[in-house]
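Guided by the hints, dock chains E and F onto chain Y, whose structure is given.
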Amino acid sequence: MSKQINIALIGNPNTGKTSVFNALTGLNQQVGNYPGITVEKKEGICKLDRNLKAHVIDLPGTYSLNASSLDENVVIELLLNRNDKDFPDVVVVVSDVENLKRNLLLFTQIKDLEIPTILAINMADRMDYKGISLDIPYLEEHLKTKIALISTRKKTGIEDLKALIENYKEMSSEPCLKASEIDNDYFNKLRKAFPNQLLYKLWLVITQDVNFGKTNRKEINAINSFKTKTKGDLKRLQQKETIKRYQFINNVLKIGQTIDVNQAKDLRSKLDRILTHKIYGYLIFFLILLVIFQAIYDWSAIPMEFIDSTFAQFSEWTKNALPAGDFTSLLAEGIIPGLGGIVIFIPQIAFLFLFIAILEESGYMSRVVFLMDKIMRRFGLSGKSIVPLISGTACAIPAIMATRNIESWKERLITILVTPFTTCAARLPVYLIIISLVIPEGSFLGLGYQALTLMLLYLIGFGSAVFSAYLLNKVLKIQSKTFFVVEMPNYKLPLFKNVALTVLEKTKSFVVGAGKIILAISIVLWVLASYGPGENFNNAEKIVSQKFQKDNLNESELSKKIASHKLEHSFIGIAGHAIEPAIRPLGYDWKIGIAIVSSFAAREVFVGTLATIYSVGSDDEETIKNRMAGEVNPILGGPLFNFASGISLLLFYAFAMQCMSTLAIVKRETNSWKWPAYQLVVMTALAYLVALASYQFLK
Amino acid sequence: MNTTLADLKKGESAVITDVSSIEIPLKLLEMGCLPGNNVQLVQIAPFSDPMYLNINGSHLAIRKETAIHVLIEKINE
Amino acid sequence: MENPFIQKVLVVVTLILALGYLVSKYFLPKKKKSDKDCGNGNCGC
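Chains as they are written, first to last, in the working numbering: chain Y, 1 to 699; chain E, 1001 to 1077; chain F, 2001 to 2045.
Among the clues, some could well be false.
As the list claims (entries may be wrong) - Straight-line C-alpha distance at most 30 Å; calculated DSSO-like pairs for lysine-lysine: (1) Y:K154 / E:K1064; (2) E:K1010 / Y:K231; (3) Y:K201 / Y:K42.
Said to hold, decoys possible - Covered by chain E, per the in silico footprint, the following chain Y stretches (three or more residues, Cβ under 8 Å): (4) 163-174; (5) 236-243.
It should be emphasised that the hints constitute simulated quantities derived from the structure, not laboratory data.
For glycine and all other residues, C-beta sits at the position ideal for the given N, C-alpha and C.
This is chain Y alone, in the form it adopts within the complex:
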């Protein structure tokens, strides 16, 4: 029988912790959430030998056990709760050889919790380059641990790490310094009051709000009553503790580590000089964005056309191959086109995630944070808001979660509120299909009009986010302490495996998450479009053939007339006509109206809905785009999707808040329904007015 042990990977951000995780688990990993909160939980399985498997958790990156965000809190809650099913048998602290000193702070804190701890020193391949040498036996002795020198880049040392994990039972769980010496009186009293508890654990519970396991709730209350010191005093003690730990670390490293500064070559400062330059810095940033959008547009065109026609053929094939009937129609007209409406955007979404992953992995994102902070603050945002605003171009949900490291509550709230304006991947389907219908193909200075329009839409999204932040900053009266500390990591060439896994994971969860909703909605829509009440629907054949008796229509023309008559009198047709007065001034017909209403839950449903509505009852093998191009405006004549109505639709989607999941996340992150409700009302009203104005102006 094979045995399984628990391993937790802990470390500072930017130490390559996730690379170590990937190296240990390979594709044997999954990403979920911690119960009740939206912090990403990465876990995987690592085979150590025939009889021993390890369950590995990659915990969120943190600089210390003094949590200042929800993500960091996860680390402490796990380490303090021995009853947790994931409680580690052994902790692997991943550190980076160039920042060993800072990384060891976290290490000494974990040692104080008396959990067996291995120190994995990553990026060992850079030691020569940086002129660093380490006295491993000396460090192992004084840090009371075992050390594995690894390089995930050069793929060395992973086997050593595995061997250390295998022999975890031999690891010492003794603390390496006596942190309680900072205030002997206080800690002695604490020890007397709770003789059965670990002193450092008590200290962590006193200094921050953690609830370690529901079992000892009573005890926590007792500990909380022990808060005899004022907040200021506690903070001073925490400062003292940090200084004490660094003293210890400095003493150990004085002998255990030598750095030959003369040998250090410095690529970093050269790159920094250009990338954070007051002119070139911004120019480069802008160019990078430009390249990304051009690439998303150009590179994905071919796979997209392929997917589009494949789905059209598949739908046709289904219709012919299966026995005719209601369910076959549901498959061919409802489910398959609906699915096609989401699958088609996989190439673009994957490219977007790819670029974001590269910007994050390479260390460039921190430079942008640095460059943008002062400017963003004029709008009530933080430099750190740039990360949510950029990743908001993929999806607002992870973007809003990425605001957690913004220290000031006001800056964070404003960032959360304006992030849904940025052009998320779900808007892309709508934009792309409308742009391809109403914007001509030519080009200007090598950039296609269509790509330029898309870029403009991204700018509108970004601009309205920043502008509304400015207004919110004036309106919101929130006093909150601001502080801002950002690590500027080393530049790194992104590891292919890391980037590939991120892109795969994110794209998959986007497509699966959105796909389920789209599938369900397209089934419901198909039913609503295929059945109707009363005479007008049920006797459609008779009514239509009587009406056109004199016109001598051929078979196919007549069946088209019947189908459109049926659609008009189906449930969805009746509902669509009911809302038509509200949307007519924006240049839309009732079908677009239905698509807008059904995409309230999720924008990406729009194209799928139109695909479903247009394909009900039609016999031809047609792509979605061709069907839309063929639609005629019932009142004015001419194509329904013309320049005016197209622009009006684009602008409507640019501003409207059509994503239930985002609203849910905002509620969770702000702990109140008030903020998502504001977002919904304000953004939708704005969308309506802008679309109205633009259509009336361009008409």
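What follows is chains E and F alone, placed relative to chain Y:
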């Protein structure tokens, strides 16, 4: 008048002397901003904020409003 | 094997599944998370 981190000019180095102000976030100390450590101003962003520092090999950026609470002594070369 | 009745039943079953999924996704409350304190100055949540 005490010299603070905010008085550093680009390229200048100093030794940190005092970080006991309650306005200084713990996170900054944890990242190595402690008395006795060397600090160098690597780069300053446009509009002279924030400041990109190298504190004993730890590279980080902080805002001026935090920097004014960190007391230093400049190193004359 | 063209059986209109079976086809209709399949449509109804699919519709119920789809509606069930949408309702459970958007209208039924998720499991309540623990009533955790959000730290000082709302910074934790």
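Hints, verified against the model:
| no. | hint | verdict |
| --- | --- | --- |
| 1 | Y:K154 / E:K1064 | violated (40 Å) |
| 2 | E:K1010 / Y:K231 | violated (36 Å) |
| 3 | Y:K201 / Y:K42 | holds (25 Å) |
| 4 | 163-174 | violated (count 0) |
| 5 | 236-243 | holds (count 5) |
The structure does not agree with the numbered hints 1, 2, 4 stated previously, though it agrees with the rest.
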